[in-house]
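2 protein chains.
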Amino acid sequence: MIEVEVKARSPPDIEAKIAGLGGELIGVENHLDLYFNSPFRDFAQTDEALRIRIKEEGARLTYKGPKLDSETKSRRELTVRVDDPKALESILESVGFSRAAVVKKRRTKYALGEAVIAVDEVEGLGTFIEVELSGGEDWEAQKRAALDILARLGLAESIRKSYLELLNDAEGR
Amino acid sequence: MIEVEVKARSPPDIEAKIAGLGGELIGVENHLDLYFNSPFRDFAQTDEALRIRIKEEGARLTYKGPKLDSETKSRRELTVRVDDPKALESILESVGFSRAAVVKKRRTKYALGEAVIAVDEVEGLGTFIEVELSGGEDWEAQKRAALDILARLGLAESIRKSYLELLNDAEGR
Numbered sequence: 001m002i003e004v005e006v007k008a009r010s011p012p013d014i015e016a017k018i019a020g021l022g023g024e025l026i027g028v029e030n031h032l033d034l035y036f037n038s039p040f041r042d043f044a045q046t047d048e049a050l051r052i053r054i055k056e057e058g059a060r061l062t063y064k065g066p067k068l069d070s071e072t073k074s075r076r077e078l079t080v081r082v083d084d085p086k087a088l089e090s091i092l093e094s095v096g097f098s099r100a101a102v103v104k105k106r107r108t109k110y111a112l113g114e115a116v117i118a119v120d121e122v123e124g125l126g127t128f129i130e131v132e133l134s135g136g137e138d139w140e141a142q143k144r145a146a147l148d149i150l151a152r153l154g155l156a157e158s159i160r161k162s163y164l165e166l167l168n169d170a171e172g173r
Numbered sequence: 001m002i003e004v005e006v007k008a009r010s011p012p013d014i015e016a017k018i019a020g021l022g023g024e025l026i027g028v029e030n031h032l033d034l035y036f037n038s039p040f041r042d043f044a045q046t047d048e049a050l051r052i053r054i055k056e057e058g059a060r061l062t063y064k065g066p067k068l069d070s071e072t073k074s075r076r077e078l079t080v081r082v083d084d085p086k087a088l089e090s091i092l093e094s095v096g097f098s099r100a101a102v103v104k105k106r107r108t109k110y111a112l113g114e115a116v117i118a119v120d121e122v123e124g125l126g127t128f129i130e131v132e133l134s135g136g137e138d139w140e141a142q143k144r145a146a147l148d149i150l151a152r153l154g155l156a157e158s159i160r161k162s163y164l165e166l167l168n169d170a171e172g173r
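So the sequence lines, in the order shown, correspond to chains A and B. Positions 1 to 173 (our numbering) are the ones given, in order, by the first sequence. Positions 1 to 173 (our numbering) are the ones given, in order, by the second sequence.
Any given hint could be a false lead.
With the Cβ distance kept under 7 angstroms, some of the chain B side facing chain A (calculated, not the full set) [stated by the list, open to error]:
#, residue
1, L34
2, S38
3, P39
4, I91
5, S94
6, L164
7, L167
Hints in this document: simulated from the structure, not taken from any laboratory. For glycine and all other residues, C-beta sits at the position ideal for the given N, C-alpha and C.
Taking the hints into account, I'd like the entire structure generated from these sequences.
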């Protein structure tokens with residue numbers, strides 16, 4: 001599946017603006033994201049990610065491929081639910097992957113038409129929004145739709161870096 | 001968890017012998033096992049295994065570490081349930097693992113005291129039995145118990161090779 005995603009730093013009044021556009025609250029999730037690096041290629045260089053996300057409702061393993069364009073952070077994404085994230089972490093470490101970073105965030109999700117808008121309070125980084133569209137055939141159209149929502153929220157500048165990359169930047173790595 | 005396991009080629013009358021020792025039928029499972037190899041170390045050389053097992057009841061990812069002794073095939077084993085084995089296979093391939101082999105078998109399981117006896121009809125290899133004991137603290141005692149069950153079944157010769165290794169041998173790889 002191709003996930004079209006755009007992201008921006010968020011001002012404090014963003015939730016009111018999302019409501020003003022007709023966005024409807026979906027819910028709030030707490031994410032504990034464990035990122036892994038490969039023993040034989042550096043995912044920071046190849047622009048890939050391998051992540052275990054632990055939420056209240058359960059855990060998932062997700063692979064994200066390299067970004068597909070220069071404007072958004074759209075990429076191929078593969079996900080599987082797992083029942084035991086600790087066992088999965090041990091398996092990944094046993095076959096040579098190493099934990100690269102941990103990202104904690106509180107995500108408040110809104111639905112706006114076909115899009116999902118996530119307001120993320122990320123520990124150590126601040127607040128961001130991500131606009132996601134997925135599942136459609138025409139990803140150029142989805143990309144325009146996602147960038148249009150950012151513009152309507154008054155957020156012109158899209159960030160293509162992941163939270164993992166932003167945290168590494170912040171820590172001077 | 002340490003899994004103590006011994007294995008032997010099985011004669012045709014083995015199920016009657018298991019019943020004669022007091023073994024109780026647990027059930028029959030069909031296994032489709034996909035084995036993967038690592039891009040940076042050869043699991044055939046390091047005596048490790050990474051496997052997706054697909055059964056009627058669901059799928060699991062399992063890592064098996066190198067064997068722990070010279071008499072049995074006891075080893076560290078880590079397992080996680082997954083909801084989508086196809087997606088997991090794509091994730092493993094995306095991060096560089098390659099499918100090394102597929103093993104299909106029909107497993108009939110019996111309980112005998114603390115042990116589980118599996119009678120495996122393996123496509124392309126024939127019939128085998130595996131005696132498993134796990135969860136205990138004293139794995140030397142479990143090993144003796146498992147080898148004793150083999151002896152009581154009249155099977156003196158324990159095989160330490162996995163079905164993957166036996167299939168590779170059969171194919172002259």
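Does the interface hint hold: is B/L167 within less than 7 angstroms of chain A, judged Cβ to Cβ? Interface hint status for B/L167: violated (21 angstroms vs cutoff 7 angstroms).
Can B/S38 be said to touch chain A, with a Cβ gap under 7 angstroms? holds (6 angstroms)
Against chain A, with CB atoms and a cut of 7 angstroms, does the hint on B/I91 hold up? With Cβ-Cβ at 4 angstroms, under 7 angstroms, it holds.
Restraint outcome when B/S94 is required to lie within 7 angstroms of chain A by C-beta distance: Since chain A brings a Cβ to about 5 angstroms from B/S94, closer than 7 angstroms, the hint holds.
With chain A as the partner, please determine if B/L164 meets the hint condition of a C-beta pair closer than 7 angstroms. violated (16 angstroms)
Using the nearest Cβ pair, does B/P39 come within less than 7 angstroms of chain A? Because about 6 angstroms separates B/P39 from the closest Cβ in chain A, which is inside the 7 angstroms limit, the hint holds.
Restraint satisfaction for B/L34 [CB to CB of chain A, less than 7 angstroms]: It is violated, given that the least Cβ distance between B/L34 and chain A is near 14 angstroms, above 7 angstroms.
Violated hints for the displayed structure, listed by number in ascending order: 1, 6, 7.
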